[in-house]
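Trainee: In order, the protein sequences belong to chains R and G. Under my numbering, think of the first position of the first sequence as 27, with each following residue one higher. Under my numbering, think of the first position of the second sequence as 1487, with each following residue one higher.
Don't read these hints as lab results, they were simulated from the structure. Do not rely on the hints blindly, as some may be mistaken.
To be verified - Pulled a few chain G residues facing chain R out of the computed Cβ check, cut under 8 Å: (1) Leu1488; (2) Val1490; (3) Ala1494; (4) Gln1544; (5) Asp1548; (6) Asp1564; (7) Tyr1577; (8) Trp1578.
As the list claims (entries may be wrong) - Here are the simulated lysine to aspartate or glutamate pairs, EDC-like style, with alpha carbons at most 20 Å apart: (9) R:Lys164 <-> G:Asp1548; (10) R:Lys94 <-> R:Asp83; (11) R:Lys244 <-> G:Glu1539.
To be verified - Partial chain R-side listing against chain G, Cβ under 8 Å, derived: (12) Arg45; (13) Ala47; (14) Leu51; (15) Gly53; (16) Phe240; (17) Lys244; (18) Phe280; (19) Tyr281; (20) Pro284.
Using N, Cα and C, we set each Cβ at its ideal position, and we do this for glycine too.
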Amino acid sequence: MTSVVTGDAGFARPWRLSRRAARTLKGVTGIVLMLVAWQVSVPIIGMSSYFYPAPLDVWAAFVDLVRKGVLPIYIADSLGRYGAGVGIGAALGIVFGIAIGLSRRTSLAFSPLFKFLFALVEVAWIPIFVVWFGYGVKTIVLALIYVVFFPVMYNTLLSVRTAPAVLVNAVRSLGGGRIAVMRYVILPSALPGMITGLRLAAGFAFRGLVFGEFIAAKTGVGYLIFEGAQSQQTSRSIVGMIIMGLMWLAIDQFYLRPFERATVQRWGLIVDAADRR
Amino acid sequence: MLRVPAIATAVAIALFALYTLAGFIGGARKLDAIEPPPAARGDYAITLAFAPERFHQQWLQDRGRVVGVKGSTVFMRDVERPALRDIAREYWVTAVARWSGP
């Protein structure tokens, strides 16, 4: 008689990876495959490294930029500008979001202006900021504040307005005043929205950073992308693009996502779709 | 709950501290080689590990007056002591020497 074993029954699989390790492995495999395909395609396409650099050229450019001390200073400059712009922009967005969400008068006064300004992308403002504040940090930080402000403000505003009325009434019926309503209902229920807005804005801010540094800086990762293309060192531009992507991934993975998850766990209404997979 | 941001911040601070410490030690070693010790303001020849690019010239220009470049050496005038310490701390600066002019 022949017995057939189906599935995993009866067999231990010591090599079986955890779900997280399997997900990481799949991600790494995708990147490795892409790099191999890219490297193989270079001799097939047969263009000069100025037009189409190979991954090894990009690696050599990265090593050169680190050896010459350019990359650490550019990364530090970009992170400083990014931190200042995102921090100030988020703080202003939260303050205005709460104010507009709570007060009808403030809403009437500011909403039309903000709707108008929201339509104007930061790139349109940068030349004006250059005229007003000159080349350098101020202009870039202002552009970042502009980029970050609107997503944070609108998400905060929406969260404040959709705070559960039943909880507001409950606090009021227990004798709580405006401050108690704010502290125990509005802010906790708005926090996940604020963090979601911040996460969205923090991603947009990298676009603002690249544009800002293209136009108004002589250092920074955005400037490296621009300068590399101008000086026919395309590999350096690609290094800049990769560094920019890695910076965003690190900020999202190590700060924004954990903060979002923490607020969701504590007060949340949102479920992170990526975590369910 | 916020263990990941705390660890990431701690690692970033530790790396920054190491980088700064290495800069301090390396910088002090390079400046110790200058005899007599650097005055409040002076002229110096800064040797890099490679021919300087525009970035390095601009960076040095912010810390003194770049008056010439020969090979991998940049000649600077009116460098103040704190700026000289800044320059010496960079790992891509291999040597700092007093310069008495062309």
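Trainee: If a hint holds in the structure, say so; if it doesn't, say that too.
Mentor: Hint by hint, here is what the structure shows:
A hinted interface residue such as Leu1488 (chain G) counts as satisfied when its beta carbon comes closer than 8 Å to some beta carbon of chain R; here the least separation is about 6 Å, so the hint holds. For Val1490 (chain G), the interface hint holds, since its Cβ comes within 8 Å of a Cβ in chain R; the closest pair sits about 4 Å apart. With 8 Å as the threshold, the beta carbon of Ala1494 (chain G) comes within range of chain R, its nearest partner Cβ sitting at about 4 Å, so the hint holds. With its C-beta approaching chain R no nearer than about 6 Å, Gln1544 (chain G) sits inside the 8 Å limit, and its interface hint holds.
Among the interface hints, the one on Asp1548 (chain G) is violated; its C-beta lies about 10 Å from the nearest C-beta in chain R, farther than the 8 Å criterion. With a cut of 8 Å, the hint placing Asp1564 (chain G) at the interface with chain R is violated, because the nearest CB-to-CB distance is about 21 Å. For Tyr1577 (chain G), the interface hint holds, since its Cβ comes within 8 Å of a Cβ in chain R; the closest pair sits about 6 Å apart. Taking 8 Å as the C-beta contact cut-off toward chain R, the hint placing Trp1578 (chain G) at the interface holds, the least distance being around 4 Å.
For the given pair, Lys164 (chain R) sits about 18 Å from Asp1548 (chain G) by alpha-carbon distance, which is consistent with the 20 Å threshold. Between the alpha carbons of Lys94 (chain R) and Asp83 (chain R) the distance comes to roughly 16 Å, so the proposed pair stays at or under 20 Å and holds. In summary, the hint linking Lys244 (chain R) to Glu1539 (chain G) is supported, as the alpha carbons are separated by about 13 Å, within the 20 Å threshold. The interface hint given for Arg45 (chain R) is broken, as the beta carbon of that residue sits about 17 Å from the closest beta carbon of chain G, more than 8 Å.
A least Cβ separation of about 17 Å between Ala47 (chain R) and chain G goes past the 8 Å threshold, and the interface hint is therefore violated. For Leu51 (chain R), the shortest C-beta to C-beta distance to chain G is roughly 20 Å, which exceeds 8 Å, and the interface hint is violated. Using the Cβ-Cβ criterion of 8 Å, the hint placing Gly53 (chain R) at the interface with chain G is not satisfied: the shortest such distance is roughly 18 Å. For Phe240 (chain R), the suggested interface contact is broken, since its CB lies about 16 Å from the closest CB of chain G, more than 8 Å.
Interface restraint check: Lys244 (chain R) against chain G, minimum CB-CB distance 6 Å, threshold 8 Å, status holds. At a threshold of 8 Å, the smallest CB-CB gap from Phe280 (chain R) to chain G is about 4 Å, leaving the interface hint in force. At its closest, the beta carbon of Tyr281 (chain R) sits 5 Å from a beta carbon of chain G; the interface hint therefore holds under the 8 Å criterion. The closest approach between the C-beta of Pro284 (chain R) and any C-beta of chain G is roughly 4 Å, which is under the 8 Å cut-off, so the hint is satisfied.
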